[in-house]
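Here the protein sequences come in this chain order: A and B.
If you use the working numbering, the first sequence closes out at 402, no skipped numbers anywhere.
If you use the working numbering, the second sequence closes out at 1404, no skipped numbers anywhere.
A portion of the hints provided could be inaccurate.
What the hints assert, rightly or not - List of simulated lysine-lysine pairs, DSS-like, C-alpha gap at most 27 Å:
1) Lys-330(A) to Lys-315(A)
2) Lys-142(A) to Lys-1351(B)
3) Lys-1336(B) to Lys-1288(B)
4) Lys-1367(B) to Lys-1351(B)
5) Lys-245(A) to Lys-315(A)
6) Lys-1336(B) to Lys-1351(B)
7) Lys-142(A) to Lys-1082(B)
8) Lys-119(A) to Lys-102(A)
9) Lys-1090(B) to Lys-1336(B)
10) Lys-1081(B) to Lys-1392(B)
11) Lys-1119(B) to Lys-1090(B)
12) Lys-142(A) to Lys-1336(B)
13) Lys-245(A) to Lys-1140(B)
14) Lys-56(A) to Lys-1288(B)
15) Lys-1120(B) to Lys-1140(B)
16) Lys-245(A) to Lys-119(A)
17) Lys-56(A) to Lys-330(A)
18) Lys-142(A) to Lys-245(A)
19) Lys-315(A) to Lys-1119(B)
20) Lys-197(A) to Lys-245(A)
21) Lys-311(A) to Lys-275(A)
22) Lys-1288(B) to Lys-1303(B)
23) Lys-142(A) to Lys-1081(B)
24) Lys-197(A) to Lys-1367(B)
25) Lys-1081(B) to Lys-1120(B)
26) Lys-1082(B) to Lys-1336(B)
27) Lys-1367(B) to Lys-102(A)
28) Lys-1392(B) to Lys-1367(B)
29) Lys-311(A) to Lys-1351(B)
30) Lys-1140(B) to Lys-118(A)
31) Lys-1351(B) to Lys-330(A)
32) Lys-315(A) to Lys-1140(B)
33) Lys-1110(B) to Lys-1120(B)
34) Lys-1336(B) to Lys-102(A)
35) Lys-1336(B) to Lys-1312(B)
36) Lys-1082(B) to Lys-1119(B)
37) Lys-315(A) to Lys-1336(B)
38) Lys-1082(B) to Lys-102(A)
39) Lys-1119(B) to Lys-197(A)
No lab work stands behind these hints, which were simulated from the structure alone.
This one's a predicted model, so the numbers in the text were calculated from it and none came from an experiment.
The primary structure of each chain is shown beneath.
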Amino acid sequence: MTEQALSHLMVLELCNMVAGPYCGKLLADLGAEVIKVELPSVGDDARRRGPFPEDKPHLERSGLFLYLNTSKLGVTLDMRTATGRRIFRQLVEQADILIEDKPPSLMDGLGLSYEDLKKVNPRLVMTSLTPFGQTGPYRDYKAHRLNSFHAGGEGYLVPIQSPDLTREPLMSGCIQADCICGLGAAFVTLAAFYRMKASGTGQYVDMSKQDMLMTMALLEIAMFANTGAVRSRIKRSLLMPTPMKCRDGYVHISALTDREWNDLVEFMGNPEWAKDERYTLWLRRHLLGDEITPRIQSFMEHFDKQDLFHKLQGKALAAAPVNTAEDLVKSEQMEARGFFSEIEHPETGSLRYPTAGYKLSETPWQARRAAPLLGEHNELVYCDRLGYTKDDLVKLRESGCI
Amino acid sequence: MKGSALDGVRVADFCWLWAGAYATDLLAFLGAEVIKIESMARVDPSRQMTLTIGQAFEGVNSSPVFNSINLNKLSVTLNLKKPEAIGLVKRIVEVSDVVTENMRPGVMDKLGLSYEELKKVRSDIIMLSSSAFGSEGPLKRYGGYAPSFAAYSGLTHLTGYSDGPPNPMTGSTDLMSAATSAFAIMAALVHKQETGRGQFIDLSSVESLAVFTGDAVMEYVMNGRVQGRNGNRDRIMAPHNCYRCRGEDKWVSIAVSTDEEWRALCGVAGNPDWAADERFSDAYSRWKNQEELDRLVTEWSIKHTHYEITEKLQAVGVAAMPSLSNEEIFSDPHFKARGLATEVNHSAMGKQVVLGPPWKLSETPAKVTGPSPLIGEHNEYVFGELLGMSSKEIARLVDEEVIY
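Please work from the sequences and hints to get the whole structure.
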C-alpha cells in the first residue's frame, strides 16, 4: 500500500446522506482510515437514492452512496442501545477524529457529546456538521440541502440575470451545496488534527452549513454590507453574464478587460456596430450589456460548443462549453488528466468515478476500495480491533445492536 | 490566549483575484502567517475593480472586495521582473512552509520560481499552483474565470429552471475552488508534519467543481442518462421548492421528507381540502403530483410571511427556511447570534464589515485579526525583521524599484 498524505489518521464517521459522508470521503481518498458507522439493516439513507444501475434499486448499488463513500470501512451499530454506546466509546478511544452530523441535542442525549467523549479520548478531534451549528436560535431547526442553500443567501440570487422576479429563487444543481459543506468540514478538521499532533490535545469543531454557504456568497454579502449595493437575481445590463446559446448547447464567454474585448471583436470580424465609441472602455461597456450581448449572441449561435470553445481560447479568451456529465466523461482533457478512475465493486462491477480537483505529487489521490457493503467490516473492526469474538458478533447482531 | 491551530505556519502567497486569495485567507484565519507577494508593477485587479458587477475603486487600497478575502494577511512588494527580486522571493520561501500561486501555467517557471527551483531553496516546501485546467494537460494554456470553471465542470448545466437556460451562479464558484485549495494544502501540511516531506499540488478549478457533480456523473456512467436542470426539485421529496410568501419577492424554502412531516405541514396550513387528498397522501404520489401540489401550497404560503411559515413549520419538525436576501441576513437573529460577520478597521476605507470563517474551534478559535493589508504595508517587517536586512539595504532596493 503506497503511503498517502493522511495514512496515519484514524477517523470515525457518523454521518448520513451527503455533506458529512463527503467530508469522510475526502479524508479516506487521501489515505485516512475512515470507519463509517451505519444503522443496522437500514444503513445510510443515500443507499435508497438513485441512480441505480439499469434503474434497479438495491441497497448496495446506489450511485450516490457509492460515490460518497469510496475508500471507507463500514460497520453497523445502533447507538440507541447502551451496548451500542459502549462499543461506540471503544471506537472513539482508538480514533483521532470523529465526524458527526446528528441533531445537536441527540448526541448530548446519548451521553456522546464532546465533553463526554473527551474523557474517553483527550486527543479526540470532534467535528459536528449541522445545518445551523450548535448555538443560536436555529440550533434545533431541521434543514435539507434546499433549505441550507437558501439560508446561505446565495439562493436568493440564483438564477442570476432573471428577466423578472415572478419565478422562484433556486438552489445550485446536483449535490454541490452539500459537498462544499463537507469540504469545509474536512479542511478545518485537518487543521484541528494538525494542532492536536503538535500540542497533544484535541478539540471540538462546531460547523454550521449555513455559515459555510454564506462564506461562499461572501463577496455579494460584503459588497452589500459596505456599499449598500442591493444584490438580487434580477437582470441587469451586463456584458454576457450568462452562457451564449449555440447550435448544440451553450458556451460561457467572458470578455471583461479591454484586451479581451478587442480580441473578441476581432474574432467576430470587426463588425461596424462594435466600433461604437461607448464600447471602448470596460467600465462603460460592461454596463451596456443589453445592447451588446444580443449582437454577440447572434454571432455565436451558429457554432458548435466545443469548436467555439477552442476557437475563442485560441484568442486567449475565457470561454468554456456548458458541459453535461456526458461531455465531461467523454472529454479528452479529463481523460488526459486522469480525472476519472475505475473502481471495482462486488455489486456493480467496475465503474468510472470522478477523482479530485487536486493532484498531490508525492501522495496522490487514490480510492483504495469502493464504498463498503452494509456492515462489511464488522468482523475486522469489532473482532480484530476491539477484541470481540465471532460469537459476540452473532449475539450483537441477533439483539439488533449491530 | 491558547494560540492558533496553524501557529508557526508561514505562506508565501503569489495568488491574486478571488480563488487564490480566499484559499490563503482560510489558512490565515487559523493563524498561519500569510505574506502576499505583490507589486506596483502588477497590481491585483481585485484591488482596483470588480469585473463581474462593473465597479472600479480608487487607487489600490480601497477595494471592499479585496478587503473581504485578504484579511489577516501581510503584503510586500517585489517587482518580479528584477533579478534581485527573485533572490528576495527565494529568501522568503526559505523561511516559509507553503508557496501558493495562480498565474498562468508556465509563468512561475519562466521567473525561475518553479517547484523544482524552490525545492532547492527549501527541500520540504509545499507548493500549490492553481489554474483553470491544471498545470499539466492538453488545455493547460487555457484560462478562465469563475463562470468558465462552472460551465466546463458540469455545474452550470445542472443549475436553472427545468424549462430554462443553464445558469452560472455567482462568484461563489471561485470561493469553492479556494476552499478546495485550502483543503489540499492542509492535507499536505498534515503529511509534512508526519514525514518531514513537502510536495507540489496541481489544483484545477474546473476539476474542483466537477467533483461536486458526482451524482450526475454516476447517472451517466451507470445508465447513459444525461441529467438536466431541475430547479429546486429533489429526486423524491415533495413538497420541495421555494414558495412565494406575503410581501415583495419573499420566498420560503420547504422540504418534506416523510409522510409524518407532510401531515404536520397540513396541520399548520389549517388542514385544507388538499390535506385529505389521496393524490398527496404519500411520498410517491406527492412527487408525481408536485406541480399541482406546489400551486396549492402557494395558495397557503402567500398569505403569510416567510419567517412566520419557517417558525410554524420548524415547530412541528418540518424543514423550512426563508430564501434570505442580503439585507435579511443582517437582521436575522441566528446570523447575529452566530457572529459570522465582524468589523475591521481599514486605514484607507474605515470600518468595513467582513465575514469571518464558518467554523468554531473550542481550544484554538479561528479569528479575523485585522483588515487586508495596504499594498507593500509589511515591507519593513518582512525584509527588516524576518529577513534581517538593514534599512540602508531596503532603501536601496526601494530606490531601484526592486521593492516596488
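Hints, verified against the model:
1. For the given pair, Lys-330(A) sits about 24 Å from Lys-315(A) by alpha-carbon distance, which is consistent with the 27 Å threshold.
2. Restraint check: the Cα-Cα separation between Lys-142(A) and Lys-1351(B) comes to about 35 Å, which exceeds 27 Å; the hinted pair is violated.
3. Between Lys-1336(B) and Lys-1288(B) the CA atoms are separated by roughly 40 Å; this puts the pair beyond 27 Å, and the hint is violated.
4. Distance restraint check for Lys-1367(B) and Lys-1351(B): the Cα-Cα separation of roughly 17 Å lies within the 27 Å cut-off, and the hinted pair is therefore satisfied.
5. Of the pairs offered as hints, the one joining Lys-245(A) and Lys-315(A) holds, with about 20 Å between alpha carbons and a cut-off of 27 Å not exceeded.
6. Restraint check for Lys-1336(B) and Lys-1351(B): satisfied, since their Cα atoms lie roughly 18 Å apart, inside the 27 Å limit.
7. About 57 Å separates the Cα atoms of Lys-142(A) and Lys-1082(B), which puts this hinted pair outside 27 Å; it is violated.
8. The hinted pair formed by Lys-119(A) and Lys-102(A) meets the criterion: a straight-line CA distance of about 20 Å does not exceed 27 Å.
9. For the hint linking Lys-1090(B) to Lys-1336(B), the alpha-carbon distance of about 44 Å lies beyond 27 Å, and the restraint is violated.
10. Taking the CA atoms of Lys-1081(B) and Lys-1392(B), the gap is about 22 Å. The hint holds against a cut of 27 Å.
11. Distance check on the hinted pair: Lys-1119(B) and Lys-1090(B) sit about 10 Å apart at the alpha-carbon level, within 27 Å; holds.
12. Taking the CA atoms of Lys-142(A) and Lys-1336(B), the gap is about 19 Å. The hint holds against a cut of 27 Å.
13. For the proposed pair Lys-245(A) and Lys-1140(B), the alpha carbon gap of about 25 Å is at most 27 Å, so the pair holds.
14. Of the supplied pair hints, the one linking Lys-56(A) and Lys-1288(B) holds, its CA atoms being roughly 19 Å apart against a limit of 27 Å.
15. Using a Cα cut-off of 27 Å, the hinted pair Lys-1120(B) and Lys-1140(B) holds, with the two alpha carbons roughly 25 Å apart.
16. A hinted pair counts as satisfied when its Cα atoms are at most 27 Å apart, and Lys-245(A) with Lys-119(A) does not qualify at roughly 60 Å.
17. At most 27 Å may separate the alpha-carbon atoms for a hinted pair to count; Lys-56(A) and Lys-330(A) meet this at roughly 25 Å.
18. Straight-line distance between C-alpha atoms of Lys-142(A) and Lys-245(A) comes to about 39 Å, which puts the hinted pair past the 27 Å bound.
19. Between Lys-315(A) and Lys-1119(B) the CA atoms are separated by roughly 34 Å; this puts the pair beyond 27 Å, and the hint is violated.
20. Pair hint Lys-197(A) plus Lys-245(A) does not hold up; C-alpha atoms about 53 Å apart against a cutoff of 27 Å.
21. For a cut-off of 27 Å, the pair hint linking Lys-311(A) to Lys-275(A) stands: about 22 Å separates their Cα positions.
22. Of the pairs offered as hints, the one joining Lys-1288(B) and Lys-1303(B) holds, with about 26 Å between alpha carbons and a cut-off of 27 Å not exceeded.
23. About 55 Å separates the Cα atoms of Lys-142(A) and Lys-1081(B), which puts this hinted pair outside 27 Å; it is violated.
24. Our distance criterion of 27 Å between C-alpha atoms is met by Lys-197(A) and Lys-1367(B), whose separation comes to about 21 Å.
25. Straight-line distance between C-alpha atoms of Lys-1081(B) and Lys-1120(B) comes to about 21 Å, which keeps the hinted pair within the 27 Å bound.
26. Distance hint between Lys-1082(B) and Lys-1336(B) is unfulfilled; the C-alpha atoms sit about 48 Å from each other, more than 27 Å.
27. A distance of roughly 26 Å separates the Cα atoms of Lys-1367(B) and Lys-102(A); the hinted pair therefore holds under the 27 Å criterion.
28. A distance of roughly 36 Å separates the Cα atoms of Lys-1392(B) and Lys-1367(B); the hinted pair therefore is violated under the 27 Å criterion.
29. Between Lys-311(A) and Lys-1351(B) the CA atoms are separated by roughly 46 Å; this puts the pair beyond 27 Å, and the hint is violated.
30. Straight-line distance between C-alpha atoms of Lys-1140(B) and Lys-118(A) comes to about 47 Å, which puts the hinted pair past the 27 Å bound.
31. For a cut-off of 27 Å, the pair hint linking Lys-1351(B) to Lys-330(A) is broken: about 50 Å separates their Cα positions.
32. For the proposed pair Lys-315(A) and Lys-1140(B), the alpha carbon gap of about 15 Å is at most 27 Å, so the pair holds.
33. The suggested pairing of Lys-1110(B) with Lys-1120(B) holds, with an alpha-carbon distance near 16 Å, which does not exceed 27 Å.
34. Between Lys-1336(B) and Lys-102(A), the direct Cα distance comes to roughly 23 Å. Compliance with the 27 Å bound is thereby established for this hinted pair.
35. The straight-line distance between the Cα atoms of Lys-1336(B) and Lys-1312(B) is roughly 21 Å, inside the 27 Å bound, and the hint therefore holds.
36. A C-alpha spacing of about 21 Å is found between Lys-1082(B) and Lys-1119(B), which places the hinted pair at or below 27 Å, so the restraint holds.
37. Taking the CA atoms of Lys-315(A) and Lys-1336(B), the gap is near 48 Å; set against the 27 Å cutoff, the hint is violated.
38. Distance restraint check for Lys-1082(B) and Lys-102(A): the Cα-Cα separation of roughly 56 Å exceeds the 27 Å cut-off, and the hinted pair is therefore not satisfied.
39. Only pairs whose Cα atoms come within 27 Å are accepted, and Lys-1119(B) paired with Lys-197(A) is accepted, the gap being roughly 25 Å.
The structure shown violates the earlier hints numbered 2, 3, 7, 9, 16, 18, 19, 20, 23, 26, 28, 29, 30, 31, 37 and 38.
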